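The hints should help you fit chain B onto chain C, whose structure is shown.
Protein chains: 2
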Amino acid sequence: MSQANIIGVGMTRFGKYPESHLADIAWPAVKSALADAGIEPGAIQAAYCGSALGGMMVGQSILARIGMTGIPITNVENACSSSSTALQQAVMAVRAGKYDTVLVIGAEKLTALGGGTLPLNEDDWEASQGMVMPALYAMRAMRYMHDYGLTREQLALVSVKNRANGAKNPDAQMQKPVTVEEVLASRPVADPFTLLQCCPTGDGAAAIIVASDKAAKKYAGKHPIRVLASDLTSGRFTPGFRDMTSPEITVRGSAEAYEEAGVGPQDINLAEVHDAFSIAELIYYEAFGFCARGEAGAFLESGASAINGKVAVNPSGGLLAKGHPVGATGAAQVVEVVRQLRGECGARQVPDAKVGLTHATGGGLAGFDHGACSIHILAR
Amino acid sequence: MSQANIIGVGMTRFGKYPESHLADIAWPAVKSALADAGIEPGAIQAAYCGSALGGMMVGQSILARIGMTGIPITNVENACSSSSTALQQAVMAVRAGKYDTVLVIGAEKLTALGGGTLPLNEDDWEASQGMVMPALYAMRAMRYMHDYGLTREQLALVSVKNRANGAKNPDAQMQKPVTVEEVLASRPVADPFTLLQCCPTGDGAAAIIVASDKAAKKYAGKHPIRVLASDLTSGRFTPGFRDMTSPEITVRGSAEAYEEAGVGPQDINLAEVHDAFSIAELIYYEAFGFCARGEAGAFLESGASAINGKVAVNPSGGLLAKGHPVGATGAAQVVEVVRQLRGECGARQVPDAKVGLTHATGGGLAGFDHGACSIHILAR
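Chains C and B supply the protein sequences, listed in that same order.
Numbering-wise, my numbering puts 34 at position 34 of the first sequence, and it's gapless, one number per residue.
Numbering-wise, my numbering puts 330 at position 330 of the second sequence, and it's gapless, one number per residue.
Bound-form chain C, shown alone (with noise of 0.2 angstroms):
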């Protein structure tokens, strides 16, 4: 059994780009993974595609553009989790010693669904009464800012972090700083979040090469990161009492992948998490254990989770300004971290950054319950 390594990164600037075809957003982050790793097309054995709202063959579509046809194609919907699924799958394949080389895209264009919240499955009863995304994690903001005393301007604090990590990030969507006082005047969407503490709706692609050792040892120019864990969860069903400020799905998901990776919270240097509103990033410090049940917003205030914090949370800027075409998000995180950890980030580079994390989760109640949860410990 190899180890899965990752040799190459890539993606397509995410922002909107609504005139052009799906494909032809995501097939130079692919090129420009395949560089990165100094790879040839034609030594690429499997592909693994993640695209929520991308229609069928997404992956096979735009793999056509680049002539990269004739392998196996697999395409990967699981809502904002779905191109971390994709490499999920990439990731057991080359550990089981089916490939030695892999390519995971993550491609999506919401542009071409208009404005307004993601439609849902018919199932989705919760969405059907109004529940769509902004009014659950509101829900969850409201409840912990009863349960702990968060203020309003903690909350507009996590915006104003990862507005001003994006504005270091070329692959931003949003590229300008924002004040405390800009977040809270910014017009109200679901109390208590204003339109600064949402994320984005875009357009982008990422693209990932995962190798085994003895692939990465013969293409990987820069050095290889290594894989220590890939974890994929879905929610359990709880009817009755749902604790509103624990997301049990990343609680799970969280201790699965620190359990594989042989790694603790303490080890991690940085993290991209699923900041789709303001309120997720503070819960998900507690969720994998960066800080205390209830102490997020002083951990945030503290500068702890800032780049040369204890550990540099979404130090791309995060959904809230890297953006969040759904699918592509979770290879996004991954294209991030790599690049942290080789040491190429320029003025948002966290220090000495060793051991990273990505998550993305979704699908269902604000990603909490249900839905799908991947996490990737990555490693220099």
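Do not take every clue at face value.
Straight-line C-alpha distance at most 20 angstroms; calculated SDA-like pairs for lysine to any residue [claimed, not checked]:
(1) B:Lys98 to C:Gln3
(2) B:Lys217 to B:Ala35
(3) C:Lys98 to B:Lys217
(4) C:Lys354 to C:Gly309
(5) B:Lys214 to C:Ala96
(6) B:Lys176 to B:Ser186
(7) B:Lys98 to C:Asp213
(8) C:Lys98 to B:Glu260
(9) C:Lys98 to B:Lys176
(10) B:Lys176 to B:Leu157
(11) C:Lys176 to C:Leu195
(12) C:Lys98 to B:Gly262
(13) B:Lys98 to C:Ser2
(14) C:Lys98 to B:Arg226
(15) B:Lys98 to C:Arg95
(16) B:Lys98 to C:His21
(17) B:Lys98 to C:Gly262
(18) C:Lys214 to C:Ala43
(19) B:Lys168 to B:Met1
(20) C:Lys98 to B:Met1
(21) C:Lys98 to B:Glu259
(22) C:Lys98 to B:Ser2
(23) B:Lys354 to B:His223
(24) C:Lys98 to B:Arg95
(25) C:Lys218 to C:Arg342
(26) C:Lys98 to B:Glu256
(27) C:Lys98 to B:Lys98
(28) C:Lys98 to B:His223
(29) C:Lys31 to C:His21
(30) B:Lys98 to C:Ala96
(31) B:Lys176 to B:Ala306
(32) B:Lys98 to C:Arg226
(33) B:Lys98 to C:Arg252
(34) B:Lys98 to C:Lys31
(35) C:Lys31 to B:Arg236
No lab work stands behind these hints: they were computed from the structure.
Note that the coordinates shown come from a computational prediction; the quantities given were computed from them, not determined experimentally.
Frame of chain C, contents of chain B only:
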């Protein structure tokens, strides 16, 4: 490394269920497969769900209905090969030792889309020019008739055979046998096809339990069926000359699958192949090596592909009679082959069936050149 075994199968009869949620069409198939294997839901370690057009989080919504939550659930989309690609992932995971018990689901509700031909990706230039599936297959048929002298009566005979088989299959959508005269007199769709030479649209689901040797020993009340080969490939981009009467993707995939299984065409007792239109089945006889190029019409007329023939092709009724709810088709083919290999098929039982093959292909250019093709070879 363990072998992968199929220890349980179940399906929801293909048909039209416009009033039902997709999840409610699918969960009975899952319960049926679990009962067939004699395994409790809590013993399933992971699930893969194939659906081409089911939307976001299909697998999670199906399994939430029956309390199967908290496990890794991955949704897979590969057009007509969606659920056979899901099976391929499950087989890989079991062979790798990642899981001992994996559930595979195929589910589709085409009545949710209204009528007509399937919506294709915005990138499908050929479909946007009018080259929808019936037209593409019709061109193949015309060319085959020109090159090899296939008659309209021979072409119609595919439907006659498969409708006769379907009439003996309680899970088939079309239960009425038809004559050559009725086939030829049905309304024209795309010359040379009449309506009865085109698979119907419909809804349905199928489920499969894949197990390691260890788990198969523990659970399989009935004889476990071994997976000898599990192949997935994509088409090669072929500008310029295309051999219209030979499906490159299936020719290549069948060679890969035979090699993996260590068997050849002469060893196959039954095959469920992708007869979306009458011509397709004939072309696949040749692609799988059941007969030589140009001889498919005579092969069919001789009875060689009948239930009591040399190799029983589509004893379930195939797509033409059992139906073709796109993402469910691959898994349903496996359900049929497993039941045949166990000797459970009553009036349509293939005598002394030892080795069977399934073949689901599609997604572009009528499943010939582009798209995805998934082939499984199973043995008792």
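Here is how each hint holds up against the structure:
1. B:Lys98 to C:Gln3: Distance ~14 angstroms between B:Lys98 and C:Gln3 Cα, so the pair holds.
2. B:Lys217 to B:Ala35: Within the cut-off at roughly 16 angstroms; holds.
3. C:Lys98 to B:Lys217: violated (25 angstroms)
4. C:Lys354 to C:Gly309: holds (14 angstroms)
5. B:Lys214 to C:Ala96: The given pair, whose Cα atoms are some 18 angstroms apart, holds under the 20 angstroms limit.
6. B:Lys176 to B:Ser186: Holds, at roughly 14 angstroms.
7. B:Lys98 to C:Asp213: holds (19 angstroms)
8. C:Lys98 to B:Glu260: holds (13 angstroms)
9. C:Lys98 to B:Lys176: violated (45 angstroms)
10. B:Lys176 to B:Leu157: holds (15 angstroms)
11. C:Lys176 to C:Leu195: Roughly 14 angstroms between the alpha carbons, so the hint for C:Lys176 and C:Leu195 holds.
12. C:Lys98 to B:Gly262: Within the cut-off at roughly 18 angstroms; holds.
13. B:Lys98 to C:Ser2: Holds. B:Lys98 to C:Ser2 sits at ~14 angstroms (cutoff 20 angstroms).
14. C:Lys98 to B:Arg226: Measuring from Cα to Cα gives roughly 19 angstroms; hence the hint holds.
15. B:Lys98 to C:Arg95: holds (10 angstroms)
16. B:Lys98 to C:His21: Since the Cα atoms of B:Lys98 and C:His21 sit roughly 37 angstroms apart, the hinted pair is violated (cutoff 20 angstroms).
17. B:Lys98 to C:Gly262: holds (18 angstroms)
18. C:Lys214 to C:Ala43: holds (13 angstroms)
19. B:Lys168 to B:Met1: violated (39 angstroms)
20. C:Lys98 to B:Met1: holds (12 angstroms)
21. C:Lys98 to B:Glu259: Holds - the C-alpha atoms of B:Glu259 and C:Lys98 are around 15 angstroms apart, at most 20 angstroms.
22. C:Lys98 to B:Ser2: holds (14 angstroms)
23. B:Lys354 to B:His223: holds (12 angstroms)
24. C:Lys98 to B:Arg95: holds (10 angstroms)
25. C:Lys218 to C:Arg342: Answer holds: C:Lys218 to C:Arg342 is near 18 angstroms, not above 20 angstroms.
26. C:Lys98 to B:Glu256: Given pair C:Lys98, B:Glu256 holds - Cα atoms ~14 angstroms apart, limit 20 angstroms.
27. C:Lys98 to B:Lys98: Holds, at roughly 13 angstroms.
28. C:Lys98 to B:His223: With a Cα-Cα distance of about 28 angstroms, the restraint between C:Lys98 and B:His223 is violated, given a limit of 20 angstroms.
29. C:Lys31 to C:His21: Holds. C:Lys31 to C:His21 sits at ~16 angstroms (cutoff 20 angstroms).
30. B:Lys98 to C:Ala96: Holds - the C-alpha atoms of C:Ala96 and B:Lys98 are around 8 angstroms apart, at most 20 angstroms.
31. B:Lys176 to B:Ala306: holds (17 angstroms)
32. B:Lys98 to C:Arg226: Satisfied, since the Cα-Cα distance of roughly 19 angstroms is no more than 20 angstroms.
33. B:Lys98 to C:Arg252: This hinted pair holds, its Cα atoms lying about 19 angstroms apart.
34. B:Lys98 to C:Lys31: violated (31 angstroms)
35. C:Lys31 to B:Arg236: holds (19 angstroms)
When the structure is compared with the earlier hints, violations turn up for hints 3, 9, 16, 19, 28 and 34 and for no others.
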